[in-house]
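*Asks:* Residues per chain, in single letters:
Number of protein chains: 6
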Amino acid sequence: MTITRNWLAHAEGSVLVEFGGTRVLCAASVESGVPRWRKGSGLGWVTAEYAMLPRATNTRGDRESVRGKIGGRTHEISRLIGRSLRACVDYKALGENSVILDCDVLQADGGTRTAAITGAYVALADAVAWMRKRKMCPGDPLVTSVAAVSVGIIGSDPMLDLCYTEDVKAETDMNVVMTGGGDFVEVQGTAEGAPFDRAMLNGLLDLAAGGCAELTRLQAEALAAATK
Amino acid sequence: MTITRNWLAHAEGSVLVEFGGTRVLCAASVESGVPRWRKGSGLGWVTAEYAMLPRATNTRGDRESVRGKIGGRTHEISRLIGRSLRACVDYKALGENSVILDCDVLQADGGTRTAAITGAYVALADAVAWMRKRKMCPGDPLVTSVAAVSVGIIGSDPMLDLCYTEDVKAETDMNVVMTGGGDFVEVQGTAEGAPFDRAMLNGLLDLAAGGCAELTRLQAEALAAATK
Amino acid sequence: MTITRNWLAHAEGSVLVEFGGTRVLCAASVESGVPRWRKGSGLGWVTAEYAMLPRATNTRGDRESVRGKIGGRTHEISRLIGRSLRACVDYKALGENSVILDCDVLQADGGTRTAAITGAYVALADAVAWMRKRKMCPGDPLVTSVAAVSVGIIGSDPMLDLCYTEDVKAETDMNVVMTGGGDFVEVQGTAEGAPFDRAMLNGLLDLAAGGCAELTRLQAEALAAATK
Amino acid sequence: MTITRNWLAHAEGSVLVEFGGTRVLCAASVESGVPRWRKGSGLGWVTAEYAMLPRATNTRGDRESVRGKIGGRTHEISRLIGRSLRACVDYKALGENSVILDCDVLQADGGTRTAAITGAYVALADAVAWMRKRKMCPGDPLVTSVAAVSVGIIGSDPMLDLCYTEDVKAETDMNVVMTGGGDFVEVQGTAEGAPFDRAMLNGLLDLAAGGCAELTRLQAEALAAATK
Amino acid sequence: MTITRNWLAHAEGSVLVEFGGTRVLCAASVESGVPRWRKGSGLGWVTAEYAMLPRATNTRGDRESVRGKIGGRTHEISRLIGRSLRACVDYKALGENSVILDCDVLQADGGTRTAAITGAYVALADAVAWMRKRKMCPGDPLVTSVAAVSVGIIGSDPMLDLCYTEDVKAETDMNVVMTGGGDFVEVQGTAEGAPFDRAMLNGLLDLAAGGCAELTRLQAEALAAATK
Amino acid sequence: MTITRNWLAHAEGSVLVEFGGTRVLCAASVESGVPRWRKGSGLGWVTAEYAMLPRATNTRGDRESVRGKIGGRTHEISRLIGRSLRACVDYKALGENSVILDCDVLQADGGTRTAAITGAYVALADAVAWMRKRKMCPGDPLVTSVAAVSVGIIGSDPMLDLCYTEDVKAETDMNVVMTGGGDFVEVQGTAEGAPFDRAMLNGLLDLAAGGCAELTRLQAEALAAATK
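Protein sequence lines, in the order shown, are assigned to chains A, B, C, D, E and F.
Under full-length UniProt numbering, think of the first position of the first sequence as 1, with each following residue one higher.
Under full-length UniProt numbering, think of the first position of the second sequence as 1, with each following residue one higher.
Under full-length UniProt numbering, think of the first position of the third sequence as 1, with each following residue one higher.
Under full-length UniProt numbering, think of the first position of the fourth sequence as 1, with each following residue one higher.
Under full-length UniProt numbering, think of the first position of the fifth sequence as 1, with each following residue one higher.
Under full-length UniProt numbering, think of the first position of the sixth sequence as 1, with each following residue one higher.
Hints were generated in silico from the structure; no laboratory data involved.
Among the hints, a few may not be true.
To be verified - Calculated pairs, BS3-like style, for lysine-lysine (alpha carbon to alpha carbon, straight line, at most 30 Å): (1) C:Lys69 / D:Lys69; (2) C:Lys69 / E:Lys39; (3) F:Lys39 / E:Lys69; (4) F:Lys92 / B:Lys39; (5) E:Lys69 / F:Lys69; (6) E:Lys69 / B:Lys69; (7) B:Lys69 / A:Lys69; (8) B:Lys69 / A:Lys39; (9) F:Lys69 / C:Lys69; (10) D:Lys39 / C:Lys69; (11) D:Lys69 / E:Lys69; (12) C:Lys69 / A:Lys69; (13) D:Lys69 / E:Lys133; (14) A:Lys69 / D:Lys69.
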């Protein structure tokens with residue numbers, strides 16, 4: 001996995017994540033103010049939007065803007081990314097500011113949602129640093145980091161970081177989001193093929209924990225580097 | 001939990017599930033034929049749509065038909081129910097037929113998605129029986145049963161079957177869908193509050209397994225009863 | 001016709017109307033405040049929304065939320081119910097409050113719109129009582145009651161309360177909404193088959209007047225009963 | 001009321017109806033073939049679409065195309081016009097052909113829906129003549145004519161042909177559609193103000209019958225005239 | 001080209017432009033206030049909406065309101081008309097008022113967009129006169145006039161004022177909008193057929209300049225005439 | 001201007017165009033078959049879709065997919081790109097195949113539409129080469145190349161290649177699309193500020209011709225290079 005910070009000139013934080021053939025552009029936009037239902041609370045907000053370019057995949061997909069509505073898969077992933085990133089934020093320390101994380105898949109080769117979460121955290125950290133330099137936040141809004149991996153069962157073996165072709169054959173697909181401290185933020189396991197038992201679940205979780213720890217290390221490394 | 005079969009006159013299978021203050025009407029509609037992308041495969045299909053009446057909750061919500069689009073939460077739950085029910089179906093034995101499961105929440109008091117899954121299985125079983133009586137299926141499409149519970153952490157204790165008010169206070173909310181044989185179909189745990197560790201996850205899964213087993217028993221009991 | 005009050009736990013007024021195989025759930029929601037165009041007038045507002053569950057009928061219909069727009073029939077019936085209920089309301093006595101009447105057809109067997117109006121009146125009466133107990137209204141907003149029947153011509157005979165199968169064969173379909181005092185609020189007669197003459201119209205109106213009087217009696221009876 | 005035939009060069013039938021300050025352009029378009037649900041039946045179809053230009057009224061209204069959806073009022077009137085015109089058509093004699101009646105209000109001054117019906121009949125008659133000249137129809141599809149008037153109660157007097165300002169003050173508004181032979185096709189009476197009794201209803205119907213007879217005469221006159 | 005002023009009773013300015021078989025109704029609506037993004041600037045705004053009635057053309061087109069979205073061509077022409085008309089307006093002299101120009105094509109026979117611009121200018125001039133009579137504007141908002149023609153290449157000859165059938169055969173289509181003083185406001189040339197060279201472009205521009213000068217004269221003549 | 005070919009792994013042709021701070025990703029997708037209205041003609045089709053990522057610009061813009069409709073500017077630019085690229089294609093030689101050009105602006109700093117056209121040509125050329133290698137086309141579909149520049153007036157001087165900040169101040173903005181042979185495909189000049197005279201138009205066209213010739217050279221150079 002390669003993490004390139006500041007890929008965009010305008011965004012307060014931006015990261016191009018590359019992971020196998022998958023490339024996701026994560027942009028963090030800071031807006032002062034919060035959605036209407038949160039006004040006057042003194043609390044901030046973090047939200048995310050996920051989308052895929054029409055030719056990110058092997059066959060061209062219609063644009064959701066042209067069809068005039070967002071599909072269920074897009075909705076579901078956008079919500080997952082938003083929830084995951086909110087897990088590392090102290091709303092009070094953020095103050096009444098919002099950060100919007102746009103995760104656009106430029107090329108897809110499996111694991112786009114977990115790559116998006118992992119990259120979005122770095123973009124969020126840069127955006128928070130940008131805010132703190134301008135003294136926009138009453139405190140330090142980042143209480144931990146988050147990273148995500150995809151694990152699955154191929155044949156009867158648990159496997160980490162499924163690339164696209166493997167994903168298709170996987171009988172079970174599990175996305176796991178963990179904090180830098182090793183706690184769970186999201187566990188989403190789905191068996192469209194054969195249901196799985198507790199032992200297999202434990203195997204998948206072990207694999208995921210190791211993968212997330214490695215990604216946490218890569219995130220820290222990327223954030224420690226001087227940026228251009 | 002109360003399961004009332006044949007609540008509707010027209011549907012091939014229908015169930016009113018009542019669970020605390022929650023009431024979900026599950027209707028299974030049989031259609032011969034499958035969606036375009038599956039034609040000629042010899043395989044069947046099962047899908048689900050979830051919705052909530054505007055005054056199911058304490059304050060009235062706008063209708064999604066009036067707003068002109070389906071919200072992310074509705075999409076996400078519809079997809080979860082569909083995936084869960086497909087886990088107990090042998091598409092080949094179903095033949096090129098579709099079953100659509102409409103889960104409409106008449107009254108909401110927490111746990112609507114897990115009540116919907118649990119009820120939808122019974123409606124599906126009735127619809128499959130209806131089809132088999134008419135010799136529409138080449139085999140027996142039901143390979144297992146599915147049931148679902150919601151578990152969460154209140155304070156620092158794992159709790160089963162969160163009612164609405166508890167749901168709000170829950171730091172973690174986990175939906176678990178299991179087969180009648182005790183395997184996992186879906187595990188969806190989300191920590192919007194504090195992330196949880198592996199021990200807590202194990203506690204939640206133990207609780208869920210017990211809950212699902214009890215619901216599996218209730219489903220079997222309901223299906224064994226003679227219907228009017 | 002059976003009228004079950006307080007079918008829902010959350011709504012200020014709610015009624016399940018059952019009439020042949022038709023079952024309509026009517027929920028009255030009280031909101032303080034009125035639509036923007038009526039603000040500052042000192043007058044209240046009453047409106048209605050009608051919808052049908054996808055499997056209310058013999059063949060499953062697509063959800064209007066999924067199609068992304070409301071059909072002409074739904075619009076037309078929602079407007080009819082709203083107008084009918086407004087006929088029994090003194091806006092000044094209601095004060096700047098709104099009552100929204102949600103009429104959701106759980107099962108359809110003909111006459112859903114007239115069942116909806118008849119049930120919605122009882123839900124409205126309960127909601128008004130709820131408001132008056134909380135002293136939200138400057139006066140008594142209910143100046144009369146309303147009830148509705150469907151009449152039609154089968155062969156060449158006028159018939160009351162057409163059930164669904166008869167409806168299909170009816171050459172003329174007329175919906176009549178009347179006050180408890182026997183005056184007309186709405187008269188909507190349509191001849192998709194053979195046009196009808198004045199004598200036939202008179203016969204239909206006579207029949208409707210009798211039907212509405214009977215429903216008015218049932219509404220009063222339901223409202224007189226102690227509720228759980 | 002002025003009826004100008006052939007106002008458009010391209011349409012198979014077209015009429016500009018002027019009635020007080022109201023101007024409605026009615027275009028009848030012939031299409032060979034019928035909607036999917038009617039194919040193979042040997043029967044034709046007639047449908048209508050009603051719309052209003054943004055500056056037809058005193059204050060500019062938003063375009064429904066810009067808002068992205070059709071309002072309830074537009075839906076309701078389009079359906080009324082379609083039903084009314086279908087009352088004078090023998091589908092079998094029309095054969096599997098469709099006529100679409102577009103009624104666009106260029107200027108509104110009350111009574112737009114009744115003017116639209118009255119004008120659309122003449123456009124339909126011209127379109128049918130066009131088809132018969134080309135021998136597209138197996139028989140004569142027009143079994144009668146239809147015309148429509150609006151009547152209402154001002155103060156306590158029934159009044160014919162309400163212009164816009166009167167319309168606003170009217171306590172009751174009734175649209176009546178009748179055949180050339182004096183039978184009823186549609187009776188739509190609405191009391192948003194005070195409900196009305198049977199005597200008043202009879203008075204309104206008498207007035208409407210006289211008005212429709214006069215319009216029937218004007219339609220026949222217009223159709224008898226040689227066209228440019 | 002015929003320009004009929006005051007074709008509508010309600011609009012502050014209105015013109016029916018007839019040009020060959022093309023008929024466009026241009027209505028100018030005055031609204032005090034400006035869009036949100038311009039509030040408090042002291043500057044006015046002018047915008048336009050273009051649309052075509054379904055049977056304006058030889059074959060009936062679907063309504064954009066029914067399809068639920070505006071097509072690319074409609075968007076493009078609406079924007080062109082708005083930009084063209086804004087070229088003759090001094091926003092400061094207009095004050096914080098808006099003029100909306102609705103250009104509805106009643107019948108189309110080529111050149112609808114250029115006819116719309118030419119007519120809209122006259123409607124705008126009448127609306128401005130209406131405002132000045134009421135002393136709504138701080139100054140004289142009209143700094144020049146605008147007119148537009150369509151030119152193209154048929155075979156290899158430049159041609160003015162393409163009617164519909166010629167338009168279809170044209171290898172190049174160019175719309176030119178000019179001020180009364182002979183300067184360019186818009187030059188839009190498109191070669192869907194063979195690309196054109198500089199000499200041909202010059203020939204088209206010469207032709208366009210002559211055409212616009214003639215239309216400027218007709219606009220002045222129309223505005224000089226006393227209106228009913 | 002930098003042109004990077006084969007930026008995407010899946011698309012038949014793909015180019016990342018960088019030009020000042022502007023970055024546009026152009027993907028050419030080949031589909032066998034043509035739109036319905038062109039079936040059986042033996043002719044191919046080329047179309048384009050343009051879009052901007054939400055944080056391409058200095059302030060975040062809402063997604064068109066979330067708003068549920070495509071804006072006028074997006075429609076207009078998509079149509080311009082499509083028309084421009086079709087100018088270099090021989091439909092007969094292409095056979096009944098379609099090429100869709102997706103131009104997604106990753107970062108915007110002025111001139112996005114002209115950068116998109118210039119890059120899309122290179123992506124189209126690669127896609128055509130891909131097709132010819134597979135013998136999908138009956139002939140050579142590329143009859144020329146196309147390139148585009150933006151020119152404008154700053155103060156009173158014509159300027160080439162407006163970057164974003166200059167664009168804002170420009171009184172006139174002109175987009176010119178030319179073939180490799182120096183002929184015009186599109187000339188789109190707009191004066192939202194002061195109208196311009198013929199001499200200025202000539203100055204702008206001279207500047208544009210020089211700019212397009214230079215881009216044509218860069219395109220040829222990029223296409224001559226061996227690709228990875």
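*Asks:* Against each hint, give a clear statement of whether it holds in the structure.
*Replies:* Do the hints match the structure? See the list:
no., hint, in the structure
1, C:Lys69 / D:Lys69, "7 Å, holds"
2, C:Lys69 / E:Lys39, "34 Å, violated"
3, F:Lys39 / E:Lys69, "25 Å, holds"
4, F:Lys92 / B:Lys39, "34 Å, violated"
5, E:Lys69 / F:Lys69, "7 Å, holds"
6, E:Lys69 / B:Lys69, "14 Å, holds"
7, B:Lys69 / A:Lys69, "7 Å, holds"
8, B:Lys69 / A:Lys39, "25 Å, holds"
9, F:Lys69 / C:Lys69, "14 Å, holds"
10, D:Lys39 / C:Lys69, "25 Å, holds"
11, D:Lys69 / E:Lys69, "8 Å, holds"
12, C:Lys69 / A:Lys69, "12 Å, holds"
13, D:Lys69 / E:Lys133, "38 Å, violated"
14, A:Lys69 / D:Lys69, "14 Å, holds"
When the structure is compared with the earlier hints, violations turn up for hints 2, 4, 13 and for no others.
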